[in-house]
Amino acid sequence: MSHANAELITHFYQAFQQLDAETMAACYAEGVRFSDPVFEDLRGAEAADMWRMLAARAQDFSLTFDQVQADEHEGRARWVARYLFSQTGRHVVNRIEARFLFRDGKIIEHHDSFDLWRWSRQALGLKGWLLGWAPPVQQAIRRQALKGLAQFRAAR
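The numbers in full-length UniProt numbering rise by one with no breaks, and the one at position 12 of the sequence shown is 12.
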């Protein structure tokens with residue numbers, strides 16, 4: 001029998017497969033901390049709203065996940081998102097390693113790792129291929145993403 005926190009991770013990604021951001025957000029503790037190479041430090045409602053934004057904007061989306069493992073305190077999973085990046089109309093396959101920390105049956109920390117240069121080559125095309133490795137371009141990607149999240153949150 002799998003640990004309850006492994007079931008929580010599975011529930012989170014099953015909801016993500018359905019673009020059910022409300023169920024995803026319900027897996028998080030109130031003060032959750034989220035980070036990935038684009039959104040480096042989101043907390044609480046910001047993290048939940050990021051999933052709401054991504055689910056609302058998803059186009060040609062699919063998700064698979066596996067290697068779910070968890071114990072009382074920490075867990076991990078591997079997931080792959082396939083989608084159309086709306087800003088360029090390019091298809092992306094993003095392979096992600098996720099790590100979690102838990103408390104009281106909720107996710108308190110969620111850290112996703114992926115290769116931002118690989119992502120930028122797919123999402124941005126030639127510009128991403130030539131410059132996606134460069135810190136100024138990666139910072140521009142982060143600023144654009146945070147701006148989009150702020151606009152999404154303001155409109156809610």
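Hints in this document: simulated from the structure, not taken from any laboratory.
Heads up, some of the hints might be wrong.
In silico SDA-like pairs for lysine to any residue, Cα to Cα no more than 20 Å straight-line [to be verified]:
#1 Lys-106 / Arg-52
#2 Lys-127 / Asp-104
#3 Lys-106 / Ala-45
Hint-by-hint comparison with the structure:
no. : hint              : in the structure
1   : Lys-106 / Arg-52  : holds (18 Å)
2   : Lys-127 / Asp-104 : violated (45 Å)
3   : Lys-106 / Ala-45  : holds (14 Å)
Violated hint: 2 only; the structure is consistent with all others.
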